[in-house]
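Just so you know, the sequences run in chain order Z and P. My numbering numbers the first residue of the first sequence as 28 and each following residue consecutively. My numbering numbers the first residue of the second sequence as 28 and each following residue consecutively.
By construction, these hints were calculated from the structure, which means they are not laboratory data. Where hints are given, some of them may not hold.
It does not matter which identical chain is meant; a pair holds if it fits inside one copy or across any two.
Taking lysine-lysine pairs in the DSS-like style, the calculated list, with each CA pair at most 30 Å apart, reads [as the list claims (entries may be wrong)]:
#1 Lys573 / Lys365
#2 Lys541 / Lys631
#3 Lys369 / Lys495
#4 Lys365 / Lys631
#5 Lys554 / Lys641
#6 Lys573 / Lys369
Number of protein chains: 2
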Amino acid sequence: MDIGYIAPISGLIALVFAGALVYYVSKKPQGTQKMKEISDYIHRGALAFLKEEYKIISVFVVAVVIILLITSYFTDLPWETSIAFVVGAVFSALAGNIGMRIATKANARAAEASKKSMSGGLTVAFSSGAVMGLSVVGLGILGVSIFYFVYGSNAANILFGFGFGASSIALFARVGGGIYTKSADIGADLVGKVEENIPEDDPRNPAVIADNVGDNVGDVAGMGADLFESYVDSIISGMSLGLILSVFGKYGVVYPMLVAALGIFSSLVAMVFVRAKNPYTALRNGLFGASIIFAVLAFVVTYLLLNDLNPFYAILVGLADGVIIGLSTEYFTSHQRKPARKIAEAAQTGAATNILEGLSTGMLSTVIPIIATAVAMVLAFEFANFYGVALAAIGMLSTLGISLATDCYGPVADNAAGISEMAELGEEIRKRTEELDAVGNTTAAMGKGFAIGSAAITALALIFTFVKRAEALNITMNMSLTSPYLMAGLFIGGMLPFVFSALTLGAVGRAAEKMVNEVRRQFKEYKILEGKGKPDYERCVRIATKGALREMILPSLLAVIVPVVVGVWKIEALVGLLAGATATGFLLAIFLANAGGAWDNAKKYIEEGNFGGKGSFAHKAAVVGDTVGDPCKDTSGPSLNILIKLMSIVSLVFLPLFISI
Amino acid sequence: MDIGYIAPISGLIALVFAGALVYYVSKKPQGTQKMKEISDYIHRGALAFLKEEYKIISVFVVAVVIILLITSYFTDLPWETSIAFVVGAVFSALAGNIGMRIATKANARAAEASKKSMSGGLTVAFSSGAVMGLSVVGLGILGVSIFYFVYGSNAANILFGFGFGASSIALFARVGGGIYTKSADIGADLVGKVEENIPEDDPRNPAVIADNVGDNVGDVAGMGADLFESYVDSIISGMSLGLILSVFGKYGVVYPMLVAALGIFSSLVAMVFVRAKNPYTALRNGLFGASIIFAVLAFVVTYLLLNDLNPFYAILVGLADGVIIGLSTEYFTSHQRKPARKIAEAAQTGAATNILEGLSTGMLSTVIPIIATAVAMVLAFEFANFYGVALAAIGMLSTLGISLATDCYGPVADNAAGISEMAELGEEIRKRTEELDAVGNTTAAMGKGFAIGSAAITALALIFTFVKRAEALNITMNMSLTSPYLMAGLFIGGMLPFVFSALTLGAVGRAAEKMVNEVRRQFKEYKILEGKGKPDYERCVRIATKGALREMILPSLLAVIVPVVVGVWKIEALVGLLAGATATGFLLAIFLANAGGAWDNAKKYIEEGNFGGKGSFAHKAAVVGDTVGDPCKDTSGPSLNILIKLMSIVSLVFLPLFISI
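Next comes chain Z alone, as it looks inside the complex (with noise of 0.2 Å):
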């Protein structure tokens, strides 16, 4: 039997257990007749957000069908390339379809089960991210598999378009999901806390609704299609470059699929060590639980199959990149930590003071990710040569089954804490819940870090396969940094995701704008305050989903069209593009992510008494802050996690069309 198979198997495997998952919460009891309309609402309105979305998409899935055919037609693009981009468009929504779904199902699940214990509450939470995580690995690795198994070594070159089609989905989800999460959310906050004065969360505040369906959308369905693109554009830059490169003979190109498929093993294993009393224990037992796993399966199948270490140590170096990113962000943005901690100090003398510290922490934070993940890729390189960099991604990616599990247990969490509010539950249960939502916060912003880390290395990965398949055709190009070209295409390349991050911005700032408005409108005209009337959720609901989807449309399509327009120029001035866009893609997004995380939690920690606690002078400026590094890590920054892989794809898709010119 061809051992490929064994990838195939690993995804069929991780989709049988997401489905008992998907089983075993939709059994939890929901609760009281409260907390189940609650939730009803929540799913209602996520997959409301997700059927909008789709329209748009196929859309855009349609013209680009339509343009990938033409282009074969007049060029050496292979005719099936569509067809992969339609099958890889269709399986990241349907991770991402299956994921909410049962994301916004678990929720009144896991504060029910929060009755009987914390752990209780924290295994259904647990649970539901679980089968995002599962969905999203088993749903790449089977796809990809599919192709080489009808296409053998030549899907390798089908494969770009499967990685597009992700990658579409991804750019969607992303930057609609983070327009629509953080306006619902900015227009709960000004018209709720601040001008009326209740609490968060408070069930008559019309846009409640619409700000728990945004942690899905975005935190959820936003994620989870990142990874996805990362996971399988990290797969098939290695087979690319395997197939290219002609590394280790006939295992070249499968390699990197077995090694995906070994850190599908290693999840699910580890998903039994997730049980503590500390919920945070829990999960970091099952996140290195699942990374020793890995490293072991991965030490003995290379040196059995390869009969050479080297590809493992290039794996080593993606997996310990990841865990120091991980851990950089988490001390930049922990309110147990300096950073966060002088941004509350900061604070005291006003909101000016409080914006400059978090800038400056953000900035400075970009240090620790950006030399581990240069030194990761030089070293990868010296193992393995470009390969090496490619698993070098895959390995940093291997144990995303329950990585993202911890990510997706996050707004389910935060969602069990709004119902658990809404619902009156009463103080021991929201004790509880906010706990589990204080634990996710946590490993949200550690996920951020992964998330933009694993972007930026599979965007290298997928530059060298750029450049190398280029050479392989045998374009003549001068790649020098002496071309005059490529130096523009640097500056320009380096500009995007600036611009990327200022219309994504505003995107934020107008769709709030429309939200307050009709928050005010709704406690003015139905005098809700007063217990007259009662909100109008779906309104807002409404009001998020066309907001968002009409602002990430002009972003979206800048991010597929530059590319495009300079490969046909100049393939050298696309090469320094992608390279820039890289480059200040990935700072940008640890700048944006971090600062705004650690503005996030230097307000958390003035709640918590210090500096004068709630209602002080340091804490009115601090909520300045966070207001601020909202839309900064919820909504630019991981949007340019996108940018930058989908650049790099849409060249490698379009690449015969530049060379045909």
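Position chain P against the provided structure of chain Z, taking the given hints into account.
Then chain P, alone, in the frame of chain Z:
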């Protein structure tokens, strides 16, 4: 006679003119005793800062000379490089010293001249700015010429030392000056305006003199040293590329100097145009006049001398790039344009939305400068190869004599307005000087954009010089983007501007805190506001001086040491580092400068009576934005100009070291 003699002659003429203007300004009446007293405080404070700064710089210069001599002993580095280094440092310091002496003498005189008419005040302020402008270009070209006439074509190899010397002064002047000006400004404002509710420039505020000194230290000395560096670096890189590429026979090396000389003549002639009822029109006429005269002269000389107009076109491209960047800066920061007004509008919903809108505006404002510079680089290359890129830089900086005069006019007008306020010259004089100041703000913003743009194109010319020189020395290196070492360098280089900005932002915060405490102490202990005691200006000046000088050391050393360490490791990594640092340095500098400028002018727009005017909710929010923007635009942003040029010139100087290892 060697045609090259035109260069030192132009330099001497510029210096003679500068001397005449010094005489002219000094002869103007200084006004009342009170005005004289305040002006003297500022003058002495500024010189005290320079003196302390020189002490630190001396240590640095001696250390570098020792390192250079050791390197010369063991490698092929010409030992004359150390001489060039010292001369470059001394000339830059001299230009800064002259400019600052006269600027701090001219402030009261400009206020006094405004008693007669606004154009009287304009003439005095502009004349003192012209002293700085002409000193910079005069000493710059004279220094380069001396080496050219002593060492002939070989000067091109020695002159990197001259550039390094100029860079070193610029580094300390920009970083130290930037920290000084903003710590004094924030200290004066936070306690005076915000806490005690006394007007800006109130003589009872102990930090008011330090604040006025800061304007000169930062915007005169810092800006002058920055542009001195760009000016000489661009000429040096042109000469070096002329030598390496052996273009235009015997004229290849001398042509860049000639072009610079033409620029000096044009600036001198155009200075007579600086007279009109409206000060803005007057300054603009001067700038455009100089550009037109220069273009005509350059056309004629190029045609007659080289019989090939391509170098002229490259120069023109650079000139156009500078104009475009200036206009773009004006658009994104002026309070008469949409972006700043939208930021003011966003202030109505609070500080957070004001900050977000400013961040978004700053990011978006990178588009035009980046594209213009990328296009200019490609066109200049098409016209005259790498030599053309250096010529574009020279073209952009050709009319520096007058454009720097316009920049340095700003702080003099600002000080004049301050003195009018402090010496109670009455409503009308204050209005006149404030109008002069307002024009100064616009020219200062455009000057900032110009300084950034010229730094970027100069850095590009230096990078190409570095690569070509390395190639000429037969170094084998993989300069392709497929080198993971180069890519790692690119990432780490891209990170440096973020770290540098984080350090300088943090430095301002720490230094400002000390100032705040001192001002609070004086108000309390001396009972100044109760009319009992007098403020101790000198103590505040000392605190600002000490704080700035202490804080400038770490970022400065970083900028010098990192390229040397990376270069010793791997030259291709260094090339990546330089390219990455230039790209993100350029981007971040524009982002920080324009966001800061736009916040500043959004506040001014509100103060004009819009959105509630002074004291309104929107105004309070806009003050937060302005305070955040202050160190962004006056410290961190401008310091990046130096960082990117300095790292390139350091690499060029130490290239023989990297080779020999």
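For each hint, the structure was consulted:
1. Taking CA atoms no more than 30 Å apart as the test, Lys573 paired with Lys365 passes between copies only; the shortest distance there is 26 Å, against 40 Å inside one copy.
2. Taking CA atoms no more than 30 Å apart as the test, Lys541 paired with Lys631 passes in both settings, with 27 Å inside one copy and 28 Å between copies.
3. When the C-alpha separation of Lys369 and Lys495 is checked against a cutoff of 30 Å, the pair qualifies neither within a copy, at 46 Å, nor between copies, at 47 Å.
4. In this assembly of identical chains, Lys365 and Lys631 lie within 30 Å of each other by CA distance solely inside one copy; the values are 14 Å within and 36 Å between copies.
5. In this assembly of identical chains, Lys554 and Lys641 lie within 30 Å of each other by CA distance solely inside one copy; the values are 28 Å within and 34 Å between copies.
6. In this homomeric assembly, Lys573 and Lys369 come within 30 Å of each other (Cα to Cα) only across copies, at 23 Å, whereas the closest approach inside a single copy is 39 Å.
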